[in-house]
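Novice: Going down the list, the sequences are from chains A and B.
Counting from 1, one number per residue, gives the positions in the first sequence under my numbering.
Counting from 1, one number per residue, gives the positions in the second sequence under my numbering.
In case anyone wonders, no lab produced these hints; they're calculated from the structure.
Do not rely on the hints blindly, as some may be mistaken.
If chains are identical, the list can't say which one is meant, so a pair holds when it fits in one copy or spans any two.
[What the hints assert, rightly or not] Calculated pairs, DSSO-like style, for lysine-lysine (alpha carbon to alpha carbon, straight line, at most 30 Å): (1) 326 <-> 347; (2) 294 <-> 273; (3) 181 <-> 73; (4) 410 <-> 181; (5) 58 <-> 142; (6) 104 <-> 326; (7) 35 <-> 58.
There are 2 protein chains.
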Amino acid sequence: MLAEIITIGDEILIGQIVDTNSVFISKELNKIGVKVFQITSVQDEREHILEALANAQKHADLVLVTGGLGPTKDDITKETFLEYFNDTLVEDAAVLQNIKTIFKQVIEREPLPSNLSQALVPSKAIILHNPFGTAPGMWMEKDDTVFVSMPGVPYEMKRLFSNEVIPRILKKFNRPYIYHKTLLTYGKGESEIQEKIKDWEAALPVEIKLAYLPSLGRVRLRLSSTGPNEQVLKAAVDIQMNTVQELLGDIVVGYEDEASIQERIGQILQERKQTLSLAESCTGGAIAQEITSKAGASAYFRGSIVPYATELKSDVLGIDPELVKKYSVVSLPVAEAMATHANTLFKTDYAVATTGIAGPTKGDGRDDIGTVCIGIAGPNGVSSYKFNFGNARERVIGKATNKVFELLLKEILKN
Amino acid sequence: MLAEIITIGDEILIGQIVDTNSVFISKELNKIGVKVFQITSVQDEREHILEALANAQKHADLVLVTGGLGPTKDDITKETFLEYFNDTLVEDAAVLQNIKTIFKQVIEREPLPSNLSQALVPSKAIILHNPFGTAPGMWMEKDDTVFVSMPGVPYEMKRLFSNEVIPRILKKFNRPYIYHKTLLTYGKGESEIQEKIKDWEAALPVEIKLAYLPSLGRVRLRLSSTGPNEQVLKAAVDIQMNTVQELLGDIVVGYEDEASIQERIGQILQERKQTLSLAESCTGGAIAQEITSKAGASAYFRGSIVPYATELKSDVLGIDPELVKKYSVVSLPVAEAMATHANTLFKTDYAVATTGIAGPTKGDGRDDIGTVCIGIAGPNGVSSYKFNFGNARERVIGKATNKVFELLLKEILKN
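All chains, please: the whole structure from these sequences, using the hints.
Specialist: Have a look at this one:
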């Protein structure tokens with residue numbers, strides 16, 4: 001069984017927004033054994049949407065379409081669906097009621113005619129209830145292919161997809177199992193890893209596919225397999241994963257599908273009733289943001305300070321200005337002092353500090369752009385590390401953030 | 001002139017990564033007047049890549065392909081290009097030298113045979129130098145369509161595209177001008193905006209296209225036009241923008257193409273030699289991360305504190321615990337006190353504070369999930385605002401972050 005995703009909107013094609021909807025849909029389909037054959041982003045143009053629908057129908061049993069359902073004139077997905085399915089509009093009483101309820105309770109004004117017209121839907125469509133917005137989802141069939149149209153607003157689409165679309169897919173289609181397992185490694189490049197595991201890779205059963213996913217200081221290795229029996233599938237992949245994990249030794253930090261490295265840190269600290277704080281200079285809040293984006297962070301994460309201006313490292317964190325003068329603000333002693341003082345300030349068990357030069361200019365540091373010092377203070381004392389993460393600002397911040405999680409997990413696992 | 005983008009990699013189709021490459025390429029092409037007709041993401045599979053190349057050639061003068069160029073066996077883009085162009089491999093001396101240099105200077109080990117094989121390139125290709133990685137770019141032509149293959153690693157692709165591909169596109173193709181202008185509005189929904197401007201919208205010249213882009217508490221209005229004369233184009237769009245801006249009044253905060261709302265705040269503060277600090281509780285570093293992701297933040301941004309645990313609001317920020325007890329941690333008086341104390345702690349002119357319940361559980365607040373209080377302290381004193389941003393964690397954090405920038409800009413513009 002194959003699916004295709006079509007995302008509609010000029011804003012995608014001029015680079016004005018990042019298409020996160022197709023990422024979410026792909027992930028969810030994958031979990032229930034539906035393979036995504038292709039993702040296509042097209043403009044808000046009648047001929048182009050019609051062509052994309054027809055092309056998708058060639059390969060796919062299921063076509064998921066997002067976007068173009070708003071009340072404004074630039075949104076033409078509904079009209080184009082009418083044409084593709086040779087259908088006419090009818091008013092849906094439940095959708096009309098939902099629109100009126102949302103306007104009364106959330107928007108707190110009278111709906112306009114353009115809002116009420118969202119209750120007009122294709123007569124052949126099964127209507128999918130959208131309690132979070134005024135545009136409903138639509139499920140339509142043509143020659144054995146199912147087409148689903150959903151709003152493009154991510155939080156509306158996500159709920160509609162999970163609550164209304166997934167259950168209908170499970171009922172309608174027979175699906176094989178798809179099983180992926182992804183190993184996280186830090187510290188070696190992909191070709192070095194391949195060299196280490198080449199004999200194992202050459203002997204992999206044909207039905208198991210290996211992918212290397214390198215990014216900012218880490219490489220993920222993904223094994224994938226598809227089949228009718230979930231137990232058999234998992235057992236076969238797990239055996240291979242165990243072997244490759246042994247071959248790779250201490251560069252492995254865990255499996256991605258079980259928990260991300262941030263989640264593993266959170267789980268361990270929570271079990272031990274230990275806490276974490278941060279002093280983020282060059283990463284400027286990126287580590288705190290990543291930690292607090294996940295629910296449950298408050299169980300172990302107490303807080304962070306971003307002493308972005310150099311003198312704040314002394315004024316707020318309490319670091320001796322002589323230390324900064326002697327070693328430079330980007331230095332191992334300053335990183336260690338920042339971590340130690342963060343533990344004191346926030347009354348935590350572990351603290352991580354970053355100080356570096358993200359670029360494009362040098363700021364108050366003496367080192368090259370890309371230099372980052374990371375300090376970690378914990379029950380075993382304090383340690384620090386110096387890196388150069390290159391000369392692109394986003395890459396420096398990204399690599400430093402990933403490196404912090406890697407070093408912190410290793411430090412925590414020492415106990 | 002039309003372009004298509006093809007991104008290759010199973011990791012995109014199973015939702016493991018977000019395809020940011022096509023966003024960057026679309027944006028850059030748009031700047032030089034090249035319209036992107038379609039973006040297609042396909043698997044690392046020979047037949048599928050061949051089909052995508054052939055389909056793209058039907059519409060496009062220029063096809064930009066990313067991904068599948070790594071040294072490992074799962075990367076098959078080069079082999080598939082060989083087949084599509086009926087070509088053979090030759091060794092490129094400059095690429096070989098680049099690989100050896102990168103291994104010597106950056107990776108600090110001897111290259112493996114798989115690394116050296118990246119110097120084998122299609123004989124018909126113009127090779128595009130990639131100083132940041134071992135996979136070169138390739139520029140190939142077939143029946144008047146140009147195909148460009150680039151590595152999928154974002155920072156390598158971006159530099160290769162900007163330095164090697166863009167200049168070649170400018171030389172090879174005649175392009176019209178494309179002009180977009182995007183107005184940022186906060187506080188009204190898209191249908192209300194449409195109602196307000198419907199007469200103006202109906203009278204828009206056919207060559208000017210209007211799009212509504214709603215997201216998390218704000219709506220962007222984009223006008224687009226294409227033509228041979230840049231001055232005429234800009235003048236026509238600008239006249240319409242002035243009109244619509246007058247019709248919309250005070251919900252307009254500025255133009256997106258000139259500067260984002262964060263950049264405008266930064267520019268104004270820098271001109272006035274004023275500074276900003278943050279006390280982020282429920283947003284957990286998201287605002288600091290957004291500010292510091294842009295170069296130049298250190299000119300006005302002094303720092304942030306994330307007092308994630310309730311008692312830290314007193315211990316580190318110095319807020320009276322009785323205030324928290326009396327009004328609850330999520331309250332207007334606490335938000336105001338956090339902002340005022342942040343200004344004192346960081347010695348800044350403006351400070352913004354957030355305290356709220358991002359969910360999915362209630363934490364220490366007494367209010368509903370989604371409640372967020374924002375405090376702003378500045379030269380005109382302190383003010384505070386209370387919102388409910390719904391029950392989805394990412395949406396609450398996202399809406400609160402956007403709202404902070406909106407309120408802060410309004411506050412700054414009062415002076």
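Novice: Now tell me, hint by hint, if it's right for this structure.
Specialist: Tested hints:
1. 326 <-> 347: both (28 Å within a copy, 25 Å between copies)
2. 294 <-> 273: This pair counts as within: shortest intra-copy Cα distance 18 Å, inter-copy 36 Å.
3. 181 <-> 73: between (45 Å within a copy, 18 Å between copies)
4. 410 <-> 181: within (22 Å within a copy, 49 Å between copies)
5. 58 <-> 142: This pair counts as both: shortest intra-copy Cα distance 12 Å, inter-copy 26 Å.
6. 104 <-> 326: Result: close neither inside a copy nor across copies, 64 Å intra and 33 Å inter.
7. 35 <-> 58: both (15 Å within a copy, 26 Å between copies)
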